[in-house]
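Go by the hints and put chain B onto chain A.
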Amino acid sequence: MKKTFSLSMAWLHTWFGLYLGWLLFAVFLTGTMAVFEHSITHWMQPEASIDRSAPLPSFEKQLEVGQAYLEQHALREKGSLWRIIPAGERHPTLDVGWRDKGKNHEVALDPYSGQEIDIRETEGGEMLTHFHYTLLAGIPGTIIVGLAAVVMLVGLISGIVIHKRIFKDFFTFRKQSSSQRSWLDAHNVAGVMMLPFLLMITYTGLVMQPLVFLPLGIKAAYEDPRGLRADAVQSFDLPYVGEQAALLNISSLLPRARESLDVVEWVVIKNGGDASAVVEFYESINHKISAVANHAAFNGVNGELIGAQTEWRDSTYIFRAFVGTHVAVFGGWTVSWLYFIGGTVSCGLIATGLVLFTIKRRKRPENEFGAASGCVYRLIEALNVAAVMGSINAILIYFWANRILPADLAGRSDWEVRAFLFTWLASLAHALVRKPLAGWRDQLVFAVALCWLLPVYSWLSGQPNLLSFLQRGDGVALGVESTIVAFGVLLAVAVPKVSGAMRGVPARRKG
Amino acid sequence: MGNTSLLAACFVTYALAYAGMTALCLAMEKHYVQAMRGADLPAGRKKCLKVMGWSLLALGILSSIHGWNPTIGIVVWSGFVSVAAISVVLVLSYFPTQVVQIGASTLVMGLLSLLALMLG
Chain A
1 MKKTFSLSMA WLHTWFGLYL GWLLFAVFLT GTMAVFEHSI THWMQPEASI DRSAPLPSFE
61 KQLEVGQAYL EQHALREKGS LWRIIPAGER HPTLDVGWRD KGKNHEVALD PYSGQEIDIR
121 ETEGGEMLTH FHYTLLAGIP GTIIVGLAAV VMLVGLISGI VIHKRIFKDF FTFRKQSSSQ
181 RSWLDAHNVA GVMMLPFLLM ITYTGLVMQP LVFLPLGIKA AYEDPRGLRA DAVQSFDLPY
241 VGEQAALLNI SSLLPRARES LDVVEWVVIK NGGDASAVVE FYESINHKIS AVANHAAFNG
301 VNGELIGAQT EWRDSTYIFR AFVGTHVAVF GGWTVSWLYF IGGTVSCGLI ATGLVLFTIK
361 RRKRPENEFG AASGCVYRLI EALNVAAVMG SINAILIYFW ANRILPADLA GRSDWEVRAF
421 LFTWLASLAH ALVRKPLAGW RDQLVFAVAL CWLLPVYSWL SGQPNLLSFL QRGDGVALGV
481 ESTIVAFGVL LAVAVPKVSG AMRGVPARRK G
Chain B
512 MGNTSLLAAC FVTYALAYAG MTALCLAMEK HYVQAMRGAD LPAGRKKCLK VMGWSLLALG
572 ILSSIHGWNP TIGIVVWSGF VSVAAISVVL VLSYFPTQVV QIGASTLVMG LLSLLALMLG
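Listed in order, the protein sequences are those of chains A and B. Counting along the first sequence from 1, when you hit position 374 you're at 374 in my numbering, and nothing is skipped either side. Counting along the second sequence from 1, when you hit position 91 you're at 602 in my numbering, and nothing is skipped either side.
If we strip away everything but chain A, and leave its shape as in the complex, we get (with noise of 0.2 Å):
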């Protein structure tokens, strides 16, 4: 019986691993990626990298020329909802945006001057987060991510049963040997050392969505899925009135607002310029692992308190809990590097799953699909290259693409979606025209070559690149870069690898 439990468990695991496998690496990378978003976008708006050597103004001078140019530029209509963003550490620009059309309109301003900031038009790092849980395609992508979800759970609790010496095994990694022993013992010890965080990941992302993956529960008890957020979040709005009224000085409020928060971090102004104006300020929700952000309204024409939430209901508290554990605002950079190599060494754990199936089996063929196997292996073996040098290089060119087309071309964020997606395309192609082995090599040598030669395209170019950022001292741009580099390192010491492999030279031997 238990031999066979662990067999059937062993074909689980190797099945739905290598057909979800692929689509889960692309789900990985990116969410990897999303961690440092906002970092990513302005990577990706090197118009909004200024000169960030003086200190910056306060929060209160920020917020009033904020204020300002609202006033002079927002849409003033029902629903309009004003915000202002200040820059921070995190955050190198001041933020404004209303809502224009169900649509949300932002414009970037510099913190020092308060000019707008002409900034080209790229997704940023939100299309990767968008990818990383919709794949672009709206709710049924998002289903579909959720399938890959528990197929990830699958394979994390089939993996510990076929495993079986997770303690014996716990620190071996044995390189010398055989090169598919040392791709298990890799794949083992990726999973294992990461396992409370994959578990974690895996788990709180299907959590994260119960509008989509469980909507009768809420259906039973509201009638209008709203009302489930109207329970949790107090709404402090005033009923539109549509007169006119001038919008106090909103920084005049900051000290009150204090009183009932800690670090406040944003404000919105709901029906701004009118009579019922609302200021709502938040708190930064950087030092809780539960994502509730409090928050205090005002009225925005007497400067009134309407009302502070600090207090929650505890399933919000566990909801926002999960919710804050997989997106990780928590916890500043620390958190952020943990998860990003969390996320790194998850990706790994998936790739090296991909290649031991294909490692296997050059090894000795199984046979399984008859006698079409040979076939069917080679479409494999593109496949697993498309997914993971395809997903990389996806990236990369979408990087490369935002340096690239120019900064005023029209529709310029859609021509980078574009070349993000058709990389894969391209990767697949490529991987299906040359040997299994030579694809590897190919595209690994060109995600390097992407990976180096960007800072000095960018130099070429004339565009902010790693030099200046770091005359400017704007580290968040200069992180992102220089960890773009260092990727190049990572992924050029795997290019020997794989030569070697090619010329049937084993893995050198020591001793």
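A few of these clues could be false.
[Unchecked claim] Here are the simulated EDC-like cross-link-like pairs (lysine to aspartate or glutamate), alpha carbons at most 16 Å apart as the crow flies:
no., chain 1, residue 1, chain 2, residue 2
1, A, Lys168, B, Glu540
2, A, Lys175, A, Asp185
3, B, Lys541, A, Asp169
4, A, Lys78, A, Glu243
[What the hints assert, rightly or not] Label-pair distances were calculated between CB atoms; the ranges are:
no., chain 1, residue 1, chain 2, residue 2, range
5, A, Ala54, B, Lys557, 41 to 51 Å
6, B, Val611, A, Pro255, 52 to 62 Å
7, B, Cys559, A, Val433, 52 to 62 Å
[Stated by the list, open to error] Away from chain A, derived, C-beta distances all over 12 Å, residues of chain B:
no., residue
8, Leu518
9, Leu537
10, Met547
11, Leu552
12, Ala554
13, Val562
14, Ser589
15, Val602
16, Gln609
17, Ile613
18, Val619
19, Leu628
20, Gly631
None of these hints come from the bench; they were simulated from the model. Heads up, the beta-carbon is just placed ideally off N, CA and C, and yes, glycines get one too.
Frame of chain A; chain B shown alone:
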């Protein structure tokens, strides 16, 4: 928390986790042999290494809770433990004979920084 003390808190948490994982790794027969060029692992030392490993991990939790707060501290600590364990695996397979020295010096530096953090 200032940048310096943040970096110090990160280093302490990582160093304690790394030293703890090294001790737990050396407490295993096959890795002890790898690291000590074939010497046998006496039963007493095995126990001692195990106790040391677990206590260092526990000390790491305390220091990260001190550096952040109970909830974030535990997340940060578990992240550093994973990263530390992976580093031990890499050191063990690429520099097996230096496992002990690297582990011991990380431990000393970690404890010194912990002391500096608590005093400063």
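Now the hints, each set against the structure:
Restraint check for Lys168 (chain A) and Glu540 (chain B): satisfied, since their Cα atoms lie roughly 10 Å apart, inside the 16 Å limit. Distance hint between Lys175 (chain A) and Asp185 (chain A) is fulfilled; the C-alpha atoms sit about 8 Å from each other, no more than 16 Å. A C-alpha spacing of about 10 Å is found between Lys541 (chain B) and Asp169 (chain A), which places the hinted pair at or below 16 Å, so the restraint holds. Proposed proximity of Lys78 (chain A) and Glu243 (chain A) is supported: the alpha carbons are some 11 Å apart, at most 16 Å.
Taking 41 to 51 Å as the suggested C-beta distance range, the pair Ala54 (chain A) and Lys557 (chain B) does not conform, at roughly 59 Å. The beta-carbon spacing between Val611 (chain B) and Pro255 (chain A), approximately 58 Å, falls within the hinted interval of 52 to 62 Å. Taking the beta carbon of each, Cys559 (chain B) and Val433 (chain A) are about 59 Å apart, inside 52 to 62 Å as hinted. For Leu518 (chain B), the non-interface assignment is contradicted: its Cβ lies about 9 Å from the closest Cβ of chain A, within the 12 Å cut-off.
Consistency note on Leu537 (chain B): stated as away from chain A, yet its beta-carbon is not over 12 Å from all of that chain's, at 10 Å minimum. Listed as a non-interface residue, Met547 (chain B) keeps its Cβ farther than 12 Å from every Cβ of chain A; the least gap is roughly 15 Å. Under the 12 Å C-beta cut-off, the non-interface status given to Leu552 (chain B) relative to chain A holds; the minimum distance is some 14 Å. With a minimum CB-CB distance of about 18 Å to chain A, Ala554 (chain B) clears the 12 Å threshold, and the non-interface call stands.
For Val562 (chain B), the non-interface assignment is confirmed: its Cβ lies about 17 Å from the closest Cβ of chain A, beyond the 12 Å cut-off. Once the 12 Å rule is applied to beta carbons, Ser589 (chain B) is inconsistent with being away from chain A; the minimum gap is 6 Å. Distance to chain A contradicts Val602 (chain B) as a non-interface residue, since its nearest Cβ pair spans about 10 Å, not more than 12 Å. Interface exclusion of Gln609 (chain B) from chain A stands, the closest Cβ pair being 14 Å apart, more than 12 Å.
Interface exclusion of Ile613 (chain B) from chain A stands, the closest Cβ pair being 14 Å apart, more than 12 Å. At roughly 22 Å from the closest C-beta of chain A, the C-beta of Val619 (chain B) stays outside 12 Å, upholding its exclusion from the interface. Once the 12 Å rule is applied to beta carbons, Leu628 (chain B) is consistent with being away from chain A; the minimum gap is 15 Å. The beta carbon of Gly631 (chain B) is kept farther than 12 Å from every beta carbon of chain A, the shortest such distance being approximately 19 Å.
Of the numbered hints listed earlier, those contradicted by the structure are 5, 8, 9, 14, 15.
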